[in-house]
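Trainee: All chains, full assembly: derive it from the sequences and hints.
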Amino acid sequence: MADVSMQDTTREAGMGDYFALLKPRVMSLVIFTALVGLIVAPVHVHPFIAFVGILCVAVGAGASGALNMWWDADIDRIMKRTSGRPIPSGRVQPEEALAIGLALSGFAVVLLALATNVLAAGLLAFTIFFYAVVYSMWLKRSTPQNIVIGGLSGALPPMIGWAVATGGVSLESVLMTALIFMWTPPHFWSLAIFVKSDYGRAGVPMLTETHGRRVTRNHIMAYMVALVPVSLAIAFTSIGGWTYLATAIVMNIWFLKSCYAVWRRDEDAAEADNFAAEKTAFKVSLAYLFLHFAALMIDAALRAAGMGIW
Amino acid sequence: MAIKVEHELHSRRNGRNYGVLILLGAFVALVFLLTIVKVTQLGDARKFEANDHVIRPALAEPVATTPAGQ
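Residue numbers (the working numbering), protein chains in the order written: chain A, 1 to 310; chain B, 1 to 70.
Calculated directly from the structure, the hints in this document are not laboratory data. We treat Cβ as the ideally placed atom computed from N, Cα and C, and that holds for glycine. Hints may contain errors.
Unchecked claim - A few chain B residues that face chain A, going by a derived Cβ cut-off under 7 Å, partial list only:
#: 1; residue: R12
#: 2; residue: R16
#: 3; residue: L33
#: 4; residue: L34
#: 5; residue: V37
As the list claims (entries may be wrong) - The calculated label-pair distances, taken between Cβ atoms and stated as ranges, are:
#: 6; chain 1: A; residue 1: F129; chain 2: B; residue 2: L42; range: 27 to 35 Å
#: 7; chain 1: A; residue 1: K196; chain 2: B; residue 2: E8; range: 34 to 42 Å
#: 8; chain 1: A; residue 1: W254; chain 2: B; residue 2: L33; range: 38 to 46 Å
#: 9; chain 1: A; residue 1: V195; chain 2: B; residue 2: L33; range: 37 to 45 Å
#: 10; chain 1: B; residue 1: Q41; chain 2: A; residue 2: I149; range: 33 to 41 Å
#: 11; chain 1: A; residue 1: S142; chain 2: B; residue 2: D44; range: 50 to 58 Å
#: 12; chain 1: A; residue 1: L302; chain 2: B; residue 2: A60; range: 46 to 54 Å
#: 13; chain 1: B; residue 1: I55; chain 2: A; residue 2: V174; range: 43 to 51 Å
#: 14; chain 1: A; residue 1: S28; chain 2: B; residue 2: V20; range: 22 to 30 Å
#: 15; chain 1: B; residue 1: E8; chain 2: A; residue 2: D74; range: 23 to 31 Å
#: 16; chain 1: A; residue 1: L171; chain 2: B; residue 2: G25; range: 52 to 60 Å
Mentor: Written as C-alpha cells, this is what we have:
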C-alpha cells in the first residue's frame, strides 16, 4: 500500500504561539508602570477593580503587540532578531494575529470602561491606536525619530493607572508619562549603538543608520539632559518623597555619567573595548526607570503608613 | 504503514482547546466577581434595583398627601 501522505500541518499554532503575539516582555514593563500609577494615586481603589484595571491595560498592550506583528510581518521576516516571531516563522497566520489584536483591543477597552471609567478606557484606546497606527504603520518606516514619538505609547500606562483610580489626569500623571517618554531615546539608542541590527536591510530608518553613530551619541546626551528636570520635578509633587528624591538624585548622576561616557568617545574607542560604555549606559537605563517607579511606590507606602514627610 | 491515531497535531489542538476553556472560564469568573464587587460597593441596594427601566412603586419616594375632605 502506498504511503498516505498527510498535509504538513505540524506548524499549526499552539497556545504559546498566540501568547508570544502579545509580546510578554513589553507587557511586564507596562504592568509595572501602570500599577505604580494606580498605587500612588490619592484615591483608594477596591483591590479587585484595580486587578481588572491592570489586566485590561496588559491585554490592551498585548493586543497592540499583536497588531504590530501583523503589520510588520514583512520586515520581521527580513531581520534576524525578529525572524523567529510567530508570523514570520509560519506558526500563526497574519489574519489570526489581526483578529486577535482587534478582538483583544475591543475587549480590553470595553471592560476597562465598565470596570473603572471612560477616561481610563479612552486613554487605553489612544495608547493602542498610537502604537499600532501612528508608530507601527506611519512613523516606524518614515522617520529616524520613530522611537522618540512612538515612545509615547510606552509612556502612557502610568497615566492610565492614575486615571483608573482618580478618573482624571493631573500634573503627577503627566510627569510620570514624561519621565518614560524622555527616558526612551537614551535607553533605546544606547542599545542601538552596540547591537548589530539589520534595520537598514529591512528599510527601517534607525538613527544609527540614517545619521550615523556620532549623531546618535549626541542625541543620547541631549535627551539625557532633558530627562533630568522631569525626573526631579516629580519629587516636588504630591507623589514625591524623600525616597524618590534620593533615588532620583543618585540615578540621574549615574545615568548622566554613563551617557556622558557614551557621548564623548568615538567609534574607534568604542570598538576597542567592544562597546563597554554603551552596554553600561543601557544597563543603567534599565535600573534608572525601575528604581524611579519603585521609589514612588515606597513613598506611597510610607504616606499610607503615616510616615510621609512631604 | 500503520495508521497512527494520535498525531502530534492532535495533542496540540487538545492543548489549544483547553487553553480556550481556561480563558473562557476565567472571563466568566472575572465578570461574576466584578459584578459582586460593583453591587456590594453601592451601599444602598435600591440603587441597583432602581436601574431596571420599569416603574417600581415600592421604590418611589413617599409623596405628602392632603387629608380627604379638604
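Trainee: Could you check the structure against the hints above and give me the numbers of any it violates, in ascending order?
Mentor: When the structure is compared with the hints, only number 16 turns out to be violated.
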